[in-house]
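So the protein lines, in turn, are chains B and R.
Per the working numbering, numbering of the first sequence is gapless, rising by one per residue and ending at 264.
Per the working numbering, numbering of the second sequence is gapless, rising by one per residue and ending at 1303.
None of these hints come from the bench; they were simulated from the model.
Treat the hints with caution; some may be incorrect.
Claimed, not checked - Here are the computed lysine to any residue pairs in the SDA-like style, where the Cα-Cα straight-line distance is at most 25 Å: (1) R:Lys1140 with B:Val26; (2) B:Lys173 with R:Gly1023; (3) R:Lys1132 with R:Gly1073.
Claimed, not checked - Coverage of chain R stretches by chain B, computed from C-beta distances (three or more under 8 Å per stretch; other residues unrestricted): (4) 1055 to 1062; (5) 1174 to 1186; (6) 1262 to 1270.
C-beta: ideal position from N, C-alpha, C; glycine also.
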Amino acid sequence: MAVARAQRRLHRLEPAALRGMMMREVVNFSSFWRSSTFSSTVDPTIYLLAFGFGFGSLVSTVAGYSYIDFVGTGIVATTVLFAGAFPAMYSTFVKYEFQHTYDAILAAPVDTEELVTGEALWIGARTGIYGCVPMLVAVAFGLDPSWGMLLVPAIAGLAGLGWACFGIFIAAKADKIESFSYWQSGLLTPMFLVAGTFFPLDELPTWAQVLGNVNPLFHCVELVRHAVFGLEGWEDIGHLAFLVGFALVSWRLAVRFMERKLIL
Amino acid sequence: MTAPRDTQTPSAVTLRGLVKRFGPITAVDGLDLDVPYGTCVGLLGPNGAGKSTTMKALTAQVIPDEGELEVLGFRLPEDSKQARAQMGVVPQLDNLDVSLTVEQNLLVFAHLYRVPARERRAAIDRGLEIAKLGNRRHSKVDQLSGGMRRRLLIARALLHQPRLLLLDEPTVGLDPQVRQGIWALIDRMRSEGVSILMSTHYIEEAERLCDTVTIMSHGQAVAVGPPRALIAEHAGPVAIEVYGPPTRLSEVEGIAVERGWRTRRTGTSIAILHANGDFDLDGERRVTNLEDVFVLLTGEEIN
């Protein structure tokens, strides 16, 4: 014991710390992947089928797409929200409040920044995979496969990273789990609906269109649709930039407010 | 290779004038504390004395308002990560991952503690041996008893062979038999050269394990020294316990005050400390202990 070893200087955002954090999540995931995968993929699939069959029988084309094409690509954003923001909110809160997991981790050579980043990277990666599930269901119902679909995991992963950070930020701001209701009903549900997933924003009043344009889910929807049906150059670079910006801002907010919560 | 120690810093932990306020409450109020290398130091005090806040400051989970902190030669909070790489922490609240197995808990922390890949296996096996959980390595943590979980928490803190071990109330809520097992483990670590800072409000624990103790009250150190020396200084060699109904106890207390004796209440009796031969009250003579000092210095009632 008490063996002195040549000690290496530790830095900010150490890959080893991030790996350790993700390691924990991966091991943990092996025990609850069934329920997590179920809730993250079945919900969006139900929306897909309900809207696809419900609206699909009323409208044949929307914004130049057949309805199954329109909703089958837009639904990716819904999964991003369900697989990114919600697990981040709940798991962060539970680990902080009930399991005291973060106390243990911060006593090891891991900073809040590494803790938040590791968790968000893992949820983002998972969301990238989950994001494709309802789209594949849509393929079974008539969405034509395309090479562009190979970009979808990356887009969903990036958007998922942003939403995971935003979810951690919400959890850091919440002093009790009931506070989540305000965020869910006041922000996430409207964003989920006004994202261009189920109906295009063009028909909405101007103020709603403006709001839609600051909704990261809208940019995710557009980017996925264009990836599948043909990219639009600068417009899509804009969407991508918005998603990157959203992830960066959410990441810094999550780190800042988790520090405030964890370091007294 | 020899440890780069003792030359610059004489102690594994040095605190000078530590102050931490939470709003209107001053949890730690100008605390000085030293843990010399290779010793076990006890932080003793009633609930709310500031022990846990002090422990958290040593891992930079609490940032002090004033004072200087040095841990293993690193200044805190700025170099805390470096210090944390060489220290193990056993928290008061069980924070094991209950959904993971015993082995998985150790594996995750072997990563977080940066145990090199080729040593990880051996570190985990050693942890299982320390925790005496070799035959439970695949059990989920929520299937373990309280004592097993506590041993696992200690083993987790030792994965990276730390030079300093922080134990925050290591045996709280455990059966006497289990407690003895934990004590044996702590004693083993000290004999292997690990410096230990342990907070506790179990007096017997401090008396048995610690080379020196610091008694805290209201965020300040009210006494520092080896347990035997503190007992000799504050309680004398012998105490006399006088039993009786509450009225009798008050009466005895009055007499003691008149004669300038130091007393403490035990709940069922009055103990008169520094008791000499010329003692005319009926009572039982007994050897003084650290608890006498503790109650004397931190007050009879916890408010």
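Now for the hints, and whether the structure bears them out:
1. R:Lys1140 with B:Val26: holds (16 Å)
2. B:Lys173 with R:Gly1023: Distance ~19 Å between Lys173 (chain B) and Gly1023 (chain R) Cα, so the pair holds.
3. R:Lys1132 with R:Gly1073: Roughly 33 Å separates the two Cα atoms, so the pair is violated.
4. 1055 to 1062: Holds: 5 residues of the segment 1055 to 1062 of chain R have a Cβ under 8 Å from chain B.
5. 1174 to 1186: Violated, because only 0 residues of the segment 1174 to 1186 of chain R bring their Cβ atoms closer than 8 Å to Cβ atoms of chain B.
6. 1262 to 1270: violated (count 0)
Hint violations for this structure: numbers 3, 5, 6, all remaining hints satisfied.
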